[in-house]
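Enquirer: If you want the building blocks of each chain, they are given just below.
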Amino acid sequence: MTAAERRKNDEYRRARRARPFFFRCRLPSLCGVNQIDTEASVTLPLPFTRWFAEKGWRPRAHQLELLRRAEGGDSTLLIAPTGAGKTLAGFLPSLTDLTRRGKIPPGSAFTGIHTLYVSPLKALAVDIERNLMKPVEEMGLPVTIENRTGDTPVAKRQRQKLNPPDILLTTPEQVALLLANKEAERFFKDLKYVILDELHSLVTSKRGHMLSLGLARLRRLAPKLQTIGLSATVAEPMELQQWLVAQQPDEDRHAGLVLVEGGAKPNISILKTEERIPWAGHSAKYAIPDVYRQLLDHQTTLLFVNTRSQAEMLFQELWTVNEDNLPIALHHGSLDVGQRRKVEAAMAANRLRAVVATSTLDLGIDWGDVDLVIHVGAPKGASRLAQRIGRANHRMDEPSKAILVPANRFEVMECQAALDANYIGAQDTPPVGAGALDVLAQHVLGMACAEPFDMLELYDEVISASPYADLSWETFERIVDFVATGGYALRTYERYARIRRTPEGRWRVSNPQVAQQYRLNLGTIVESPMLNLKMVKRGQGGRIGRGGATLGKVEEYFLEQLAPGDTFIFAGKVLRFEGIRENEALASQAFSLDPRIPAYAGGKFPLSTYLADQVRGMLADPDRWHKLPDQVRDWLEIQRDKSMLPKRDELLIETFPRGSRAYMVAYPFEGRLAHQTLGMLLTRRLERMGAKPLGFVATDYSLGIWGLEDMGLMIANGRLSLAELFDEDMLGDDLEAWLAESFLLKRTFRNCAVIAGLIERRHPGKEKTGRQVTVSADLIYDVLRSHEPDHILLQATRQDAASGLLDISRLGDMLTRIKGHITHRALDHISPLAVPVMLEIGKEAVPGEAQDALLAEAADDLIAEAMA
Amino acid sequence: MNRLALARDMLSTPAPSCADTTVNGVAAVCDPLGALYLPDSGVVVVSDLHLEKGAAFARRGMMLPPYDTLATLTVLSAVISRYDPKVVISLGDNFHDRIGSAHMPAEFRSLITTMACGREWIWINGNHDPDGTVDLPGTCADELHYGGLVFRHEPRQGLQKGEIAGHLHPAATVRRREKAIRRPCFATDGGRLLMPAFGLMSGGLDLRHKAMRGLFDRTALVAHLMGRDRVYSVRFGNLLG
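Line by line, the protein sequences give chains A and B.
Going by the numbering used here, the first residue of the first sequence is number -1, and it counts up by one from there.
Going by the numbering used here, the first residue of the second sequence is number 100, and it counts up by one from there.
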């Protein structure tokens, strides 16, 4: 891009961005504001009224309402759809207050920041600065605004500490860093407003837990501060309202709520196709020609998928049919930042016709004139779908257009359910959840870095944050002990303690290196170990040339599975793996037609509880089938004839023989994670009951188990009781025994250990070359588990895994739900409903138990070779 | 914790699945607990114990579990009671850092003393602990020539006949049916043998890593991988299937 182009781009973006801020409400009926007393109760300072008059605009009702409440001293949650002018509403109280205050005369005493704006995205903080400066300059307000992110130069950060702006725009990590500083008290003492953007997405993660603890500290430094939360529609607004204010035991405390309803109803449909919809799989290859036709019919299309590998595949497929050479781009989190920025800029300048994207584009920023959103694969959650659709046509009074493309037949039902949910406005955002203990450990160390703390005072502060309101004193003590010496029963590390008690009984850091370690380890996002992937040329005789462009990052564990010569798709290219040199993976251009696809660790969402229930409801109710395509309806009808369709709260179990094996398929519809856990536990039990299970496979909808004994017969003659098999007591000892070896738990432990500061975070590019001075989290886990199974970090790991990778709470709910409602069908053949899960067999990763079998197979090769 | 569990079981179940091999003509047994046994001379070899690794990290502010030393010694004790060797050779990086042996708690010290009772114990010095051990039974040495073999911590460059070394923590990746499994291994081409790390908190380095380059005749190289309860022997050329 030339400098002139870039300037033009920026101008264009600025012009576009300014619009949604003060967008005049042309259709008042569409933005009905709840609980508004009277608009006349607030007066805007002169520059504001004059500016509005000049523009021919007037402030929106909810913007004034939020201002009125803020001036009344209340903290408030504003829930409004995209394009409703949420951000301005959030800043209005602080801008008017600063205008009335006027410029601080030079030579006055130090004044700390007035307003803190926190956003989950760096880019958003930077964008907001641009957007906010325009009206501030036009009105000539006496307000200074700056951002501070990980990219802010050190000199500027230093200057900000000495001479803070009135409004600081930043991220949760920077808030934690500022609070762990000795200057924190001075810096924040004048803080009046904290504006929390995209609060709905922040609160449910560990980042949200970290920020809630930071907010608790801010309240102590500036007791009068008020919070303003900005959020999209959520299932439980009260959770967010509580999150915004200090909690007190036995007292109901929550922020007020301003709710702006609706916006225009989106126009969502399911892709109509003449093609055969596949039984299983996630590629949606069948739909590519139809999808391509849609791209041709629209100006700019955003294509969302659920995983990065799906993104790669879809992008690849679209280019093979792209006869018109449409500018189509790819955007996902593993791509090189430079590449991503290029795509974003091209998008904002309307130079692209389509972008294939994962959740990296879910939030915040608006992306040019998108007139169509296509969602490939089921959205997995109704709220997620609503968010993504909101990306199209970023104005709340015009309907967005979206098309859902189910990848298989179950997904057709899921899409239909999501579609119904969107119309009835159902929400399935995840709950805030109990505050994570690893995050608490990080925070405790940070607080010791700021100033010596008194344990009781800090405890009171911590439990004022709503995610930690139920934290027990005993657990808090153990966390402090963990921070000091690792919290081990064997107390051999006292002399190496990181924090120590002063004679006055306060806890302080032992030495300055500890504070430095804290700063390096800060944060709650732990990525799998990744390597940079670099393009190289293959020269004569296969010699590898010097490195070329960096394409992005790939998980190390994925690379470990590749041998030189293997092909895979990345950054929209088919690549040939050449090997690993120092800390980089090398790949060259390949022309293979059958590449292996990067199997990324993250990015697969489980089906939400709400949607699962909807799908079960649809399955049980033939009256709702008329909305489904003929082929899907036929499929369900044949299932009804050959086997049965379970009622909404019923669990259907089918058994049938196939080849030399016996199969059992269950249909709980609780998502892949819960099914995987269930599969592990059921196979253990079936083993004990003598069914000789050999393996299992889980999908979002069902679970298939196979073995040597005819399980149908065992049920018939009473040797196998389904009620016993599915009894809730499996969540006791069986779960414990399985967890001992579960690699899922090891992965969770690694994340907890990094966040809690037990092992050091890897800093990309800063690793030592050659053999690293790192220590394997798996090995630490094994040693700790065998010697101190009740260690606080193992507790934190189990708590995390139960709600995360293992989805145990959901499994528990399911087991309760189906009690007494299990129906068994013994069949002679596989049923239509069982086909999708049967097709997945062989595609799953090997669980720990099966690994030795593969080793034995390899070793047998050697024996066979020796015998030949 | 496979090896620790195996070590505990082993006291009750005596039949381990080892792999037999020869190094420069000397018979050797690769034990799934991670030790090498030389039956003709009654020698047990272990390498890279990295004792007191947790403490070494704790000294630098990372509070790793203080249980690694005990776990490693428990497995070592199972090895010793199985073979009742005349000589134990610990091939270097016996401790994770220089001051590890001096600062080791007394109860671990006495465990080693008990194990060493009635046999000869050789501590080969490693790069982590070049100064030898403090206050422990046995003899410290930089290398040892014994029974047609040479024992040293770091392998010499190029092919070697009769060298038993550690240092590199070899591990091998087996790939079958699109799945990859990596395990620590004994690596030998019949001339030299590289020992897996015995320390329970020590990781592995793949045989394909450049640090391994030139050390073996790859046509004769066999990886003896440590499985759950037996050793699996796979020719280097067959690892990836």
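Rather than coming from a laboratory, the hints here were simulated on the basis of the structure.
Take the hints with a grain of salt, since some may be wrong.
Unchecked claim - Computed spacing ranges between beta-carbons, pair by pair:
| hint | chain 1 | residue 1 | chain 2 | residue 2 | range |
| --- | --- | --- | --- | --- | --- |
| 1 | A | Val335 | B | Arg208 | 20 to 30 Å |
| 2 | B | Gln256 | A | Gln514 | 36 to 46 Å |
| 3 | B | Gly336 | A | Asp479 | 49 to 59 Å |
| 4 | B | Asp119 | A | Thr821 | 48 to 58 Å |
| 5 | A | Arg506 | B | Gly336 | 56 to 66 Å |
| 6 | A | Asp479 | B | Gln256 | 47 to 57 Å |
| 7 | B | Gly336 | A | Arg536 | 14 to 24 Å |
| 8 | A | Arg536 | B | Ala215 | 50 to 60 Å |
| 9 | B | Asp119 | A | Gly810 | 19 to 29 Å |
| 10 | B | Ser209 | A | Arg493 | 57 to 67 Å |
| 11 | B | Arg307 | A | Arg656 | 38 to 48 Å |
| 12 | A | Trp317 | B | Gly313 | 37 to 47 Å |
| 13 | B | Asp119 | A | Lys340 | 34 to 44 Å |
What the hints assert, rightly or not - In silico lysine-lysine, PhoX-like type, Cα no more than 25 Å apart, as pairs:
| hint | chain 1 | residue 1 | chain 2 | residue 2 |
| --- | --- | --- | --- | --- |
| 14 | A | Lys532 | B | Lys309 |
| 15 | A | Lys190 | A | Lys132 |
| 16 | B | Lys260 | A | Lys535 |
| 17 | A | Lys101 | A | Lys120 |
| 18 | A | Lys283 | A | Lys640 |
| 19 | A | Lys222 | A | Lys263 |
By construction, the Cβ of each residue, glycine as well, lies at the ideal position given by its N, Cα and C atoms.
Enquirer: Run every hint past the structure and note whether it holds.
Expert: Hints and how they fare:
no., hint, verdict
1, A:Val335 x B:Arg208: 20 to 30 Å, "52 Å, violated"
2, B:Gln256 x A:Gln514: 36 to 46 Å, "39 Å, holds"
3, B:Gly336 x A:Asp479: 49 to 59 Å, "52 Å, holds"
4, B:Asp119 x A:Thr821: 48 to 58 Å, "56 Å, holds"
5, A:Arg506 x B:Gly336: 56 to 66 Å, "59 Å, holds"
6, A:Asp479 x B:Gln256: 47 to 57 Å, "49 Å, holds"
7, B:Gly336 x A:Arg536: 14 to 24 Å, "23 Å, holds"
8, A:Arg536 x B:Ala215: 50 to 60 Å, "56 Å, holds"
9, B:Asp119 x A:Gly810: 19 to 29 Å, "50 Å, violated"
10, B:Ser209 x A:Arg493: 57 to 67 Å, "21 Å, violated"
11, B:Arg307 x A:Arg656: 38 to 48 Å, "40 Å, holds"
12, A:Trp317 x B:Gly313: 37 to 47 Å, "44 Å, holds"
13, B:Asp119 x A:Lys340: 34 to 44 Å, "59 Å, violated"
14, A:Lys532 x B:Lys309, "19 Å, holds"
15, A:Lys190 x A:Lys132, "23 Å, holds"
16, B:Lys260 x A:Lys535, "39 Å, violated"
17, A:Lys101 x A:Lys120, "28 Å, violated"
18, A:Lys283 x A:Lys640, "29 Å, violated"
19, A:Lys222 x A:Lys263, "40 Å, violated"
The structure does not agree with the numbered hints 1, 9, 10, 13, 16, 17, 18, 19 stated previously, though it agrees with the rest.
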